[in-house]
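Q: Chains as they are written, first to last, in this note's numbering: chain A, 1 to 243; chain B, 1 to 413.
No lab work stands behind these hints, which were simulated from the structure alone. Heads up, some of the hints might be wrong.
As the list claims (entries may be wrong) - Here are some chain A residues pointing at chain B (derived, C-beta under 8 angstroms):
1. Asp16
2. Gly19
3. Val20
4. Ile21
5. Leu58
6. Asp78
7. Val83
8. Arg85
9. Asn86
10. Phe91
11. Gln94
12. Asn97
13. Lys101
14. Gly149
15. Leu192
16. Gly196
As the list claims (entries may be wrong) - So the derived label-pair ranges between C-beta atoms look like this:
17. A:Gln65 <-> B:Val296: 50 to 56 angstroms
18. B:Glu311 <-> A:Asp69: 57 to 63 angstroms
19. A:Ile120 <-> B:Phe285: 37 to 43 angstroms
20. A:Asp225 <-> B:Lys403: 48 to 54 angstroms
21. B:Val296 <-> A:Arg60: 26 to 32 angstroms
22. B:Asn303 <-> A:Thr77: 28 to 34 angstroms
23. B:Phe355 <-> A:Asp79: 47 to 53 angstroms
24. A:Gln65 <-> B:Lys403: 22 to 28 angstroms
25. B:Glu311 <-> A:Thr77: 43 to 49 angstroms
The beta-carbon is built from N, C-alpha and C at its ideal position, and this holds for glycine as well.
Next come the chains, spelled out residue by residue.
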Amino acid sequence: MEKTLIKTVHLCKDYDNDGVITKVLHQVDLEIKSGEFVAIMGPSGSGKSTLMHILGFLERLSCGQYFFDGQDSSKLTDDELAVIRNEKVGFIFQSFNLLPKTSVYDNVRLPLLYDDKKRIKNHNDAIKEAIMAVGLYHRIGNLSNQLSGGEKQRVAIARALVTRPEVIFADEPTGNLDSKSGKLVMEILQDLNEKGKTIVLVTHEKYTAEHARRIIKVVDGSISDDFEVKQRLLAKEENDLIK
Amino acid sequence: MDWKSTIRIAYIGLKTKKSRTFMTMLGIIIGIASVIIIISVGSGAQSLILNQVKSMGSNLIGVMPGASEEAGPPPSAMGIVETSLKGADMDSLLENNNVPNAVAVTYENRGVGTLQWRENKYDGTFIGTTASYPEVHDFEVGRGRFFNKDEEKDLARVVVLGADVAQELFGNNDPLNQNIKIKKEEFRVVGVIVKRGTVTFQNQDSLVFIPSSTCQKIMLGIDYVSLGRVKIDVEENTKQAVEDIKRVLRERHSLDKDEPDDFSVRAQTQAIEIFSSITDSLTYFLAAIAAISLLVGGIGIMNIMLVAVVERTREVGLRKALGAKNRNILSQFLAESVVVTLSGGVVGVIFGVIFSFLVSVVARQLGYEWDFVISYVAIFLSCAISILIGLVFGVYPARKAAKLNPIEALRYE
Numbered sequence: 001m002e003k004t005l006i007k008t009v010h011l012c013k014d015y016d017n018d019g020v021i022t023k024v025l026h027q028v029d030l031e032i033k034s035g036e037f038v039a040i041m042g043p044s045g046s047g048k049s050t051l052m053h054i055l056g057f058l059e060r061l062s063c064g065q066y067f068f069d070g071q072d073s074s075k076l077t078d079d080e081l082a083v084i085r086n087e088k089v090g091f092i093f094q095s096f097n098l099l100p101k102t103s104v105y106d107n108v109r110l111p112l113l114y115d116d117k118k119r120i121k122n123h124n125d126a127i128k129e130a131i132m133a134v135g136l137y138h139r140i141g142n143l144s145n146q147l148s149g150g151e152k153q154r155v156a157i158a159r160a161l162v163t164r165p166e167v168i169f170a171d172e173p174t175g176n177l178d179s180k181s182g183k184l185v186m187e188i189l190q191d192l193n194e195k196g197k198t199i200v201l202v203t204h205e206k207y208t209a210e211h212a213r214r215i216i217k218v219v220d221g222s223i224s225d226d227f228e229v230k231q232r233l234l235a236k237e238e239n240d241l242i243k
Numbered sequence: 001m002d003w004k005s006t007i008r009i010a011y012i013g014l015k016t017k018k019s020r021t022f023m024t025m026l027g028i029i030i031g032i033a034s035v036i037i038i039i040s041v042g043s044g045a046q047s048l049i050l051n052q053v054k055s056m057g058s059n060l061i062g063v064m065p066g067a068s069e070e071a072g073p074p075p076s077a078m079g080i081v082e083t084s085l086k087g088a089d090m091d092s093l094l095e096n097n098n099v100p101n102a103v104a105v106t107y108e109n110r111g112v113g114t115l116q117w118r119e120n121k122y123d124g125t126f127i128g129t130t131a132s133y134p135e136v137h138d139f140e141v142g143r144g145r146f147f148n149k150d151e152e153k154d155l156a157r158v159v160v161l162g163a164d165v166a167q168e169l170f171g172n173n174d175p176l177n178q179n180i181k182i183k184k185e186e187f188r189v190v191g192v193i194v195k196r197g198t199v200t201f202q203n204q205d206s207l208v209f210i211p212s213s214t215c216q217k218i219m220l221g222i223d224y225v226s227l228g229r230v231k232i233d234v235e236e237n238t239k240q241a242v243e244d245i246k247r248v249l250r251e252r253h254s255l256d257k258d259e260p261d262d263f264s265v266r267a268q269t270q271a272i273e274i275f276s277s278i279t280d281s282l283t284y285f286l287a288a289i290a291a292i293s294l295l296v297g298g299i300g301i302m303n304i305m306l307v308a309v310v311e312r313t314r315e316v317g318l319r320k321a322l323g324a325k326n327r328n329i330l331s332q333f334l335a336e337s338v339v340v341t342l343s344g345g346v347v348g349v350i351f352g353v354i355f356s357f358l359v360s361v362v363a364r365q366l367g368y369e370w371d372f373v374i375s376y377v378a379i380f381l382s383c384a385i386s387i388l389i390g391l392v393f394g395v396y397p398a399r400k401a402a403k404l405n406p407i408e409a410l411r412y413e
């Protein structure tokens, strides 16, 4: 039985805009085990991205509890959250967020700059390994602005992998990509999951969500549905068809 | 994150905006270069002035009529005529071993008037002095001779010409034993002094010398001297000699214990100190004004860094999302600001040194005894100030960046 990696209890999130309180998430109870591939799905404004930001320690919750690997995260300081973001989680964003005019190598190296504990012994090897994992070793010296959208997102995946995190959060990773590049990205994510990496994917597309093993639907700040995907889409097969 | 990575990131960050980085640096470059130039040129000017003062000899002691504060100017410098010092006072300093360290004594009065030989005229300064003047001022007469003690006693109408005066009045003619008119009195030329150039800011070659007695009685109608000079054996005995001179003059002037001096005694070394302190003050004052440009440069850097923080908000958000702590972001932006100011400072020092060197070369070409002085302290301070400016003016933008909320920063468009 896999261990519980993520667990929320009555989690809620409010935004205070000049005294106007907006409830974004309420009473979210959620459990994700290590090695799962979960898609958080929902329409725009449903709170799915906010949920991912809280789970990824980018935002603090307003009430309830969030346990990561059994540890309550609500009392952690900003610096402790930064350390968890560096060591335990990796992020993939819709808009790639690569450093401009910076090489693939240096972009992937970025999280290792903040590895104060020297958890990763050989940075150079780790960087090359991550770049190889996304099939971009031949582009290692290229600048980020010399890459296509799909390649940029693969660099972002390598960057998320380089610190060997326990979970990867992907926020609409195919949102800015053509279908071919999107499928390639999904294939990489599925491949990583096959190798045991926990993936939490946020998307509003049913089609993309169906690449996961489990779908959590968020509507109006609450979980409306949570189910296993019966007939999971396999990006590798789709890509084989394209070829 | 180690400091090497911090500086490397700062360098990469700045490299992406080359022209803006250079423009930002410019303020610091100009400021630091100005400070270096002013300090260097100030030191050069100081050396010029001190060389002029020292050229008189550092073993001279001046005696002037009228009391004055220790560090203040004598009354004569303010245009006040004091009559309390007589030639006999000065002569007495050498008598009876009154001032054992005194080697020679001279005194003088000055007047201006038109000098004429035939149709040639020259408006110059005549100095009525003693036969010991060349010995005290350490120069030799080139042609002919200086007047002697007998001529001095006899109110002889003899004159020794400065090189320029001789040239102006006589051209290629031999001036010796020719008669010239000073005002309306006739004098016989007995000597022409070799070219001496400028000493204590006065062109010595434009002066003419006549016996003190002749000057006082015939030319000026006075019985006092306006300046006396005592040459002592060695500079180290200055203090003792000054005390002896004061004692002798007080005795001669019958001054009671509680009465102030009616004369001023100034050692040449004292003049050097006064000039040094004046030029030092002036240099530091000007350097302080130049340093204002550093302040302006610093504010420019703060503005640019604030713009950079806004422009790179998403980058800050990304770094934070990837594990950067607040202090990592703070040190990154501070490092950028310090890299800009320190690089600007180094370039400024280089420009400043080059410019100061050119000034010294030009000044020497123009005939000034100008020393090229570069203070290592000024260079070190410039670099330290550059870093300080970077830190002081970078800290506000850097704190602003460090405080950004990661998710808000990532959403920033």
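Q: Look at each hint and say if it fits the structure.
A: Quick rundown of the hints versus the structure:
Annotation: Asp16 (chain A) was flagged as interfacial toward chain B, and the flag is violated, the nearest CB pair being 13 angstroms apart, outside 8 angstroms. Taking 8 angstroms as the C-beta cut-off, the interface hint given for Gly19 (chain A) is violated, the closest approach to chain B being about 18 angstroms. Restraint check, Val20 (chain A) versus chain B: the minimum CB separation of about 17 angstroms is more than 8 angstroms; hint violated. The restraint placing Ile21 (chain A) at the interface with chain B is violated, with a minimum CB-CB distance near 18 angstroms, outside the 8 angstroms limit.
The beta carbon of Leu58 (chain A) comes within 5 angstroms of a beta carbon in chain B, closer than 8 angstroms, and the hint placing it at the interface holds. For Asp78 (chain A), the interface hint holds, since its Cβ comes within 8 angstroms of a Cβ in chain B; the closest pair sits about 6 angstroms apart. Interface hint status for Val83 (chain A): upheld, as the beta-carbon distance to the closest one in chain B is roughly 7 angstroms, under 8 angstroms. Because the smallest distance between the Cβ of Arg85 (chain A) and any Cβ of chain B comes to about 5 angstroms, under 8 angstroms, the interface hint for this residue holds.
For the restraint placing Asn86 (chain A) at the interface with chain B, the shortest Cβ-Cβ distance is roughly 2 angstroms, inside the 8 angstroms limit, so the hint holds. About 5 angstroms separates the beta-carbon of Phe91 (chain A) from the nearest beta-carbon of chain B, less than 8 angstroms, and the hint is met. Taken as an interface hint, Gln94 (chain A) does not check out: its beta carbon lies about 10 angstroms from the nearest beta carbon of chain B, beyond 8 angstroms. At its closest, the beta carbon of Asn97 (chain A) sits 5 angstroms from a beta carbon of chain B; the interface hint therefore holds under the 8 angstroms criterion.
Given hint, Lys101 (chain A) at the interface with chain B, holds; its Cβ is 5 angstroms from that chain's nearest Cβ, closer than 8 angstroms. Taking 8 angstroms as the C-beta contact cut-off toward chain B, the hint placing Gly149 (chain A) at the interface is violated, the least distance being around 17 angstroms. Of the supplied interface hints, the one on Leu192 (chain A) is violated, with its beta-carbon coming no nearer than about 18 angstroms to a beta-carbon of chain B, more than 8 angstroms. Restraint check, Gly196 (chain A) versus chain B: the minimum CB separation of about 22 angstroms is more than 8 angstroms; hint violated.
Between Gln65 (chain A) and Val296 (chain B) the Cβ separation comes to about 54 angstroms, which falls inside the hinted range of 50 to 56 angstroms. For the pair Glu311 (chain B) and Asp69 (chain A), the supplied restraint of 57 to 63 angstroms is violated, since their beta-carbon distance comes to about 37 angstroms. Judged by the Cβ atoms, the range 37 to 43 angstroms given for Ile120 (chain A) and Phe285 (chain B) is violated: they are separated by roughly 57 angstroms. For Asp225 (chain A) paired with Lys403 (chain B), a C-beta distance near 39 angstroms fails the hint of 48 to 54 angstroms.
At about 42 angstroms, the beta-carbon gap between Val296 (chain B) and Arg60 (chain A) misses the expected band of 26 to 32 angstroms. At about 32 angstroms, the beta-carbon gap between Asn303 (chain B) and Thr77 (chain A) stays in the expected band of 28 to 34 angstroms. Remark: the range hint 47 to 53 angstroms for Phe355 (chain B) to Asp79 (chain A) is upheld by a beta-carbon distance near 48 angstroms. A hinted range of 22 to 28 angstroms holds for the C-beta pair Gln65 (chain A) and Lys403 (chain B), which are about 27 angstroms apart.
Remark: the range hint 43 to 49 angstroms for Glu311 (chain B) to Thr77 (chain A) is contradicted by a beta-carbon distance near 29 angstroms.
Violated hints, in rising order: 1, 2, 3, 4, 11, 14, 15, 16, 18, 19, 20, 21, 25; the structure is consistent with all others.
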